[in-house]
Amino acid sequence: MNAPMNYLDGNAAAGELSRIFAADLTSAQGQCANCGVKKPFAEAHLYMQCPGIVARCAVCGHVLLRLVGVAQRAFLDLRGMTYLTLDTTK
Amino acid sequence: MTWRTATVVELHDETASARTLVLAINDWPGHVAGQHVDVRLTAADGYSAVRSYSIASAPSSDRRIEISVERLPNGEVSPYLTQQVMVGDELEVRGPIGRWFVWRPEQAMPIQLVAGGSGIVPLMAMIRSHASADSTAPFRLLYSVREPGATFYRDELRALSSRGDSLVVTYAYTRVTPKDWPRPAGRIDRELIASSMWPSNLRPSTYVCGPTSFVENATKFLIDTGHDRDRIRTERFGATGERK
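These protein sequence lines map, in sequence, to chains D and P.
Under the numbering used here, the first residue of the first sequence carries the number 1427, and numbering increases by one thereafter.
Under the numbering used here, the first residue of the second sequence carries the number 82, and numbering increases by one thereafter.
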C-alpha cells in the first residue's frame, strides 16, 4: 500500500481504546485476517484524519480495526484481526 | 480510564516554540518511562479537543508529571498549551497510556534511542528514569534536530552524558549546525547510524520516536545496517485529526 505518510502507530489509539477495554491493547498481539502476520497492535498504522480511528496492518495495509463515535455510542469493528492475545496480569 | 484533573504548577520554555508543563495530579497512579497522556481541552460551548503528549519526566512518587509541547502552526491545542496556559490552570488528563513503547529499569541490555525533533520527549523520560534508577544499562541517543536552538533539554543532556559513559549523545543537525561542527547539516543517514549507534551484533533494544517520515527512514536504515526489526520499537507522531 502506498498511502502517504500521514499515519501514527497503534499506540496513539490507546487512550480511546481504554474507554472500551480494561486491558492495554497496545502491547496485545493481533493477527491480520488478510496476510496472517502476528504483530503488537502498537505497530499497526493508525489513521486519525477521519471521523473515527482506522488501524491498518503495517505489512499489508489491511484494515484491522475501525472505531467511530457517534453521539454517545461507539462503533467498533475488529473483523480485520483473526484474534488478539492480551496480557491479563495488569 | 477516567479523566483526571491536572493543575499546572510550573512552566519552562524549552525552545522558542516549545514549553514544558509540570502538572500535579492528585490521584496519579504512576507511570513508566515512554508512556503518554491524553489532554482534553473543553471550550465554554462544550466543544472539546483531545491530543496525546508523551510524558517527559521519570516515574516518581510525587504525583507530578511533565509534558513538553511543541507549538504547531494552525494547531488547536498546542498554541494554548505553549502560549496561554498559566500556573494554577487546570487541564483534563487521561493516562498513563501505552505499555509497548516503554523502558523499565529492569531492562539491563544496551539501549539505543533515536529521536527526531520533539520525538525526544518520551526518550528523555527513559533517560531520566535510567539516571534516577542508577541503571547500568548503557544508553546511546541519536538526536536529530533542525538547529541548535531547537534542542530540548540541552543542558540536562550535557550533564547526564558527562557523568561517565552510561549515556552517549550524538546530535544530527538537519538545517543549521553549530559553528565548526564536523558533520554538515543533513538528515540522519546510514553512515551516521553506523558510526554513532550500537552495532547490531550487540542486539540493542532500540526506540525510535519522531514524525512519521523520520521514523520510517530511521527504521529502514537500522534494518539496512543489520538491526533486528523485532528489537526496534517506534512511536510516530504528527498533527492528528480532530477527536472528541
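Honestly, the hints are just simulated from the structure, not real lab data.
Computed from a predicted model, the values in this text were never measured in an experiment.
Quick reminder that beta carbons are idealized off the backbone N, C-alpha and C, glycines included.
Treat each hint with caution, since some may be false.
[As the list claims (entries may be wrong)] Not close to chain D: a few residues of chain P, all C-beta gaps over 10 Å, as computed:
hint : residue
1    : Gly169
2    : Gly267
3    : Arg271
4    : Arg314
5    : Phe318
[What the hints assert, rightly or not] Calculated pairs, SDA-like style, for lysine to any residue (alpha carbon to alpha carbon, straight line, at most 20 Å):
hint : chain 1 : residue 1 : chain 2 : residue 2
6    : D       : Lys1464   : P       : Thr306
7    : D       : Lys1465   : P       : Glu297
8    : D       : Lys1465   : P       : Val166
9    : D       : Lys1464   : P       : Asp311
10   : D       : Lys1465   : P       : Ile304
11   : D       : Lys1465   : P       : Glu171
12   : P       : Lys301    : D       : Gly1487
13   : D       : Lys1465   : P       : Gln165
14   : D       : Lys1464   : P       : Ile313
15   : D       : Lys1465   : P       : Thr96
To see whether the hints hold, each was checked on the structure:
no.: 1; hint: Gly169; verdict: 25 Å, holds
no.: 2; hint: Gly267; verdict: 20 Å, holds
no.: 3; hint: Arg271; verdict: 20 Å, holds
no.: 4; hint: Arg314; verdict: 8 Å, violated
no.: 5; hint: Phe318; verdict: 6 Å, violated
no.: 6; hint: D:Lys1464 <-> P:Thr306; verdict: 24 Å, violated
no.: 7; hint: D:Lys1465 <-> P:Glu297; verdict: 17 Å, holds
no.: 8; hint: D:Lys1465 <-> P:Val166; verdict: 40 Å, violated
no.: 9; hint: D:Lys1464 <-> P:Asp311; verdict: 12 Å, holds
no.: 10; hint: D:Lys1465 <-> P:Ile304; verdict: 17 Å, holds
no.: 11; hint: D:Lys1465 <-> P:Glu171; verdict: 38 Å, violated
no.: 12; hint: P:Lys301 <-> D:Gly1487; verdict: 18 Å, holds
no.: 13; hint: D:Lys1465 <-> P:Gln165; verdict: 41 Å, violated
no.: 14; hint: D:Lys1464 <-> P:Ile313; verdict: 16 Å, holds
no.: 15; hint: D:Lys1465 <-> P:Thr96; verdict: 37 Å, violated
The structure fails to meet hints 4, 5, 6, 8, 11, 13 and 15 from the earlier list, while all remaining hints are met.
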